[in-house]
Amino acid sequence: MLLARLRREVAGGGTTQTDARADDAWLTAGLQRAQLHEIYAAEAADGTAAIGFAVALALAGGALPVLWVRTEKDERQAGRLHASGLAELGLPPDSIVLVVAADEAALLRVAADAARCTGLGMLLVESRGRAPGLDLTATRRLMLAAEASGVTVLSVRIDAAPVPSAAATRWGVAAMPSVPLEAEAPGLPAFDVESLRRRGGPAGARCRVEWNRETRSFDPCPIQPVAQTALAGAGLPLVAGGAAARDAPASVRRSG
Amino acid sequence: MERLRATRPHLFVGRGESPLAFVETVGNAVRLVALDRSALQAGLKPGLTLADARAQVPELEVFEGDPHADLDWLERLADGCARYTPTVVLRPPDALLLDIAGCTHAFEGERPLAADVEGRLARRGVLARHAFGDTAEVAHALARFAGAPAPDEQRAVRRLPVAALGLDADDGIALTRAGLKTVGDVMARPLATIAARFGEEAAMAVRRLSGDARAPVVARKVAVPVVVERRFAEPVGRTDFALQVIADLVADAATLLEKRGEGGRRWEAKLFRTDGQIQQLRIETGRPTRDPAVLMRLFAERIDGLADPLDPGFGYDLIRLAVVLAERLDTSQLRLEGGESGEGTQAGEVAALVDRLSTRLGRGRVRRFASRDSHIPEQAELMLPAAAPPATGEWPATEPGEPPLRPIYLFDPPQPIDSIAAETPDGPPARFRWRRTVHDVARAEGPERIAGEWWRRHDAAIPTRDYFRVEDQRGRRFWIFRHGLYVETESPRWYVHGLFA
Chain A
1 MLLARLRREV AGGGTTQTDA RADDAWLTAG LQRAQLHEIY AAEAADGTAA
51 IGFAVALALA GGALPVLWVR TEKDERQAGR LHASGLAELG LPPDSIVLVV
101 AADEAALLRV AADAARCTGL GMLLVESRGR APGLDLTATR RLMLAAEASG
151 VTVLSVRIDA APVPSAAATR WGVAAMPSVP LEAEAPGLPA FDVESLRRRG
201 GPAGARCRVE WNRETRSFDP CPIQPVAQTA LAGAGLPLVA GGAAARDAPA
251 SVRRSG
Chain W
1001 MERLRATRPH LFVGRGESPL AFVETVGNAV RLVALDRSAL QAGLKPGLTL
1051 ADARAQVPEL EVFEGDPHAD LDWLERLADG CARYTPTVVL RPPDALLLDI
1101 AGCTHAFEGE RPLAADVEGR LARRGVLARH AFGDTAEVAH ALARFAGAPA
1151 PDEQRAVRRL PVAALGLDAD DGIALTRAGL KTVGDVMARP LATIAARFGE
1201 EAAMAVRRLS GDARAPVVAR KVAVPVVVER RFAEPVGRTD FALQVIADLV
1251 ADAATLLEKR GEGGRRWEAK LFRTDGQIQQ LRIETGRPTR DPAVLMRLFA
1301 ERIDGLADPL DPGFGYDLIR LAVVLAERLD TSQLRLEGGE SGEGTQAGEV
1351 AALVDRLSTR LGRGRVRRFA SRDSHIPEQA ELMLPAAAPP ATGEWPATEP
1401 GEPPLRPIYL FDPPQPIDSI AAETPDGPPA RFRWRRTVHD VARAEGPERI
1451 AGEWWRRHDA AIPTRDYFRV EDQRGRRFWI FRHGLYVETE SPRWYVHGLF
1501 A
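Chains as they are written, first to last, in this note's numbering: chain A, 1 to 256; chain W, 1001 to 1501.
If we strip away everything but chain A, and leave its shape as in the complex, we get (with noise of 0.2 Å):
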């Protein structure tokens, strides 16, 4: 169903969704393992969509063990990690080693040192705002550690302008609306990616994606329509009119 509408979405024209399994080619070429990508959050408040989409990936890659770096600021001022919401998103608790690291210097040393251990699957720098010891300099040591042990290591920076670096990918993520379920309740997690960069190929693409902790894959997820209903007194606009119009099969889950 979600595959014709999409179809139907292609032949209309006008925007940049395309075929699910092109879609789900591009997610996985785009993630390579052994090699360091970035996944960046313009906005602190698109943080939580960034990391999520992080542990998506670890999962569709089944890179396992998970070593998590943070410093004690993210731990104090953006929450700490809460274990059965990782679960649910389908990480297992016990795969999760989580490094709180006192500074950004700290961050760095644990980074490096945790890139060369093959015992790892996947290793998770969260860093939040500028974080300058993130530099060309440093990003290439992860990289070549990363090639070196097989490890995949994710850099996820939050509340910052990319800078160049030695990633092999670099992927914009932002928060989007969900395909809402019964009674108008938050479906699963969307996230907007969008290929700011690729070594050796070209970027720019842009998907919508839904997260499926079941089959560990992305699903297209089209642009949803919102404030329709009765909660929608806040009367904001619609996020893009023709999209809404284009989406209105979608409705019938939705309930009064």
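Rather than coming from a laboratory, the hints here were simulated on the basis of the structure. The C-beta atom is built at its ideal place from N, Cα and C for all residues, glycine as well. Certain hints may be false.
Unchecked claim - Far from chain W, by Cβ distances over 12 Å, these chain A residues were calculated:
| no. | residue |
| --- | --- |
| 1 | L31 |
| 2 | Q32 |
| 3 | Q35 |
| 4 | G119 |
| 5 | G129 |
| 6 | G133 |
| 7 | T137 |
| 8 | A138 |
| 9 | T139 |
| 10 | R141 |
| 11 | A160 |
| 12 | V163 |
| 13 | G172 |
| 14 | P202 |
| 15 | A205 |
| 16 | R206 |
Unchecked claim - One-sided and incomplete, this derived list gives chain W residues near chain A with beta-carbon spacing under 7 Å:
| no. | residue |
| --- | --- |
| 17 | R1365 |
| 18 | F1369 |
| 19 | E1381 |
| 20 | L1382 |
| 21 | E1471 |
Following the hints, position chain W against chain A.
Coordinates of chain W only, in the frame set by chain A:
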């Protein structure tokens, strides 16, 4: 051979004048298990029900019997008795046997030794009775059923009541009914008839008390901690040499541990400087190990992570290495010979990394999740040091097709938000402000009602929380809750507790 026996090792002895008793629930009845002297004088006996005992002695003070604590106490007494002899045998619930053969010279005889034991125990408030005997059984029986003084040991044994044989209650009664009141009476009969009528054990007990047979004595063994040290005739002024010495000591300790089939989990190196200062290096591993290479790498990490570098000053004159915590570790084959050593496997690599990071950053900074049995979200899970052995716990199962119902970030404490737009009763806010940003709620699900743990706090009513999963116009998903129902609180506050992906 001589034996001593300590009786009634309870901390409560000498608490007050009123009779004391310890009780235990046997079947449906609460029965006395142990009594103090005044209670015995009042005519109470172990085995009596508490109700009967109270009827006889209304002022009886009663404590719940705790066999584990008694055993602990006995172990501590046994530790103390190590000053008299290396062979101390526990006879629970209340006896200690000391094999003092060849150990009396320090006390100039057995009687001064026994007096010393009783004196020391009396200072701790323990009432002890002792007896000497040729065998463990004889000493035990004499101490427990001390009667009138007898010219020699054999005759003293013969005067003991049949209960001293240590048979079960029915056999004891049967012996008494048969007219055999003392051990001597039983000994006078041919053993064959005793064995025929009361069983093999009765005959064996008689033979043991008469000294014909001996029961094996199993002395308690206290594991000696592994400590190795090296003293220097001349102070050592170079740090690298000191490190070399630590490496040698680690190798020595590893050999000792290997003999015991153990591996160390916590190691402590102490460097004693000539000027009296002591520098300590502690390392810890997640799994027991005795691999010197791994341990030296950890020590190097530890030295790197020190706030002040190791300063030999005028030199070290003693370096001591102790294995503070050792656990069982069976010998494993070397990888070279086809075995799978812990280092080579994937899990082993991660464990080694965790050890390295814990050593460098501190134990608490490298963590693993552990679940707890609680429905309060922030209390349902713990972060434990990853170096500690992994905790086992169940994680809530997920429904296929359901979106995540718990956030990936959790705020502890929850962060207050301003609910701006009017909401329907018991519904989520239509608009709220958090961190100076206004969020318009587009979709919501809830409430999921989580009540406080009223069985833990009795002083005040704990407000119920109504949780909502909400998504704003831009697709950010929050987990917010209202603290208190409208019937409970006048104007309940709203909080954001977590963020969804």
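Verification of the hints:
1. In this structure A/L31 is separated from chain W by more than 12 Å, as the shortest Cβ-Cβ distance comes to about 17 Å.
2. Chain W leaves A/Q32 outside its interface by the beta-carbon criterion, the shortest separation being 20 Å against a cut-off of 12 Å.
3. Against the 12 Å criterion, A/Q35 stays outside the reach of chain W, whose nearest CB is about 20 Å from its own CB.
4. Not every C-beta of chain W lies more than 12 Å from that of A/G119, the closest at about 3 Å, which undercuts listing it as non-interface.
5. Even its closest Cβ contact with chain W, about 15 Å, leaves A/G129 beyond 12 Å, as expected for a residue assigned away from the interface.
6. For A/G133, the condition that its CB be more than 12 Å from all CB atoms of chain W holds, with the nearest at approximately 16 Å.
7. Distance to chain W confirms A/T137 as a non-interface residue, since its nearest Cβ pair spans about 21 Å, more than 12 Å.
8. Listed as outside the interface, A/A138 is consistent with that label: its C-beta sits roughly 18 Å from the nearest C-beta of chain W, beyond the 12 Å cut-off.
9. For A/T139, the condition that its CB be more than 12 Å from all CB atoms of chain W holds, with the nearest at approximately 21 Å.
10. Even its closest Cβ contact with chain W, about 17 Å, leaves A/R141 beyond 12 Å, as expected for a residue assigned away from the interface.
11. Separation of A/A160 from chain W is adequate, the least Cβ-Cβ distance of about 18 Å exceeding the 12 Å criterion.
12. Every beta carbon of chain W lies more than 12 Å from that of A/V163, the smallest distance being close to 25 Å; the non-interface claim holds.
13. Separation of A/G172 from chain W is adequate, the least Cβ-Cβ distance of about 14 Å exceeding the 12 Å criterion.
14. For A/P202, the non-interface assignment is confirmed: its Cβ lies about 27 Å from the closest Cβ of chain W, beyond the 12 Å cut-off.
15. Once the 12 Å rule is applied to beta carbons, A/A205 is consistent with being away from chain W; the minimum gap is 20 Å.
16. Even its closest Cβ contact with chain W, about 15 Å, leaves A/R206 beyond 12 Å, as expected for a residue assigned away from the interface.
17. The criterion of a C-beta within 7 Å of any C-beta in chain A is met by W/R1365, whose closest approach is roughly 5 Å, and the hint holds.
18. The interface hint given for W/F1369 holds, since its Cβ lies 4 Å from the closest Cβ of chain A, which is under the 7 Å cut-off.
19. About 5 Å separates the beta-carbon of W/E1381 from the nearest beta-carbon of chain A, less than 7 Å, and the hint is met.
20. With a cut of 7 Å, the hint placing W/L1382 at the interface with chain A is violated, because the nearest CB-to-CB distance is about 9 Å.
21. With a cut of 7 Å, the hint placing W/E1471 at the interface with chain A holds, because the nearest CB-to-CB distance is about 4 Å.
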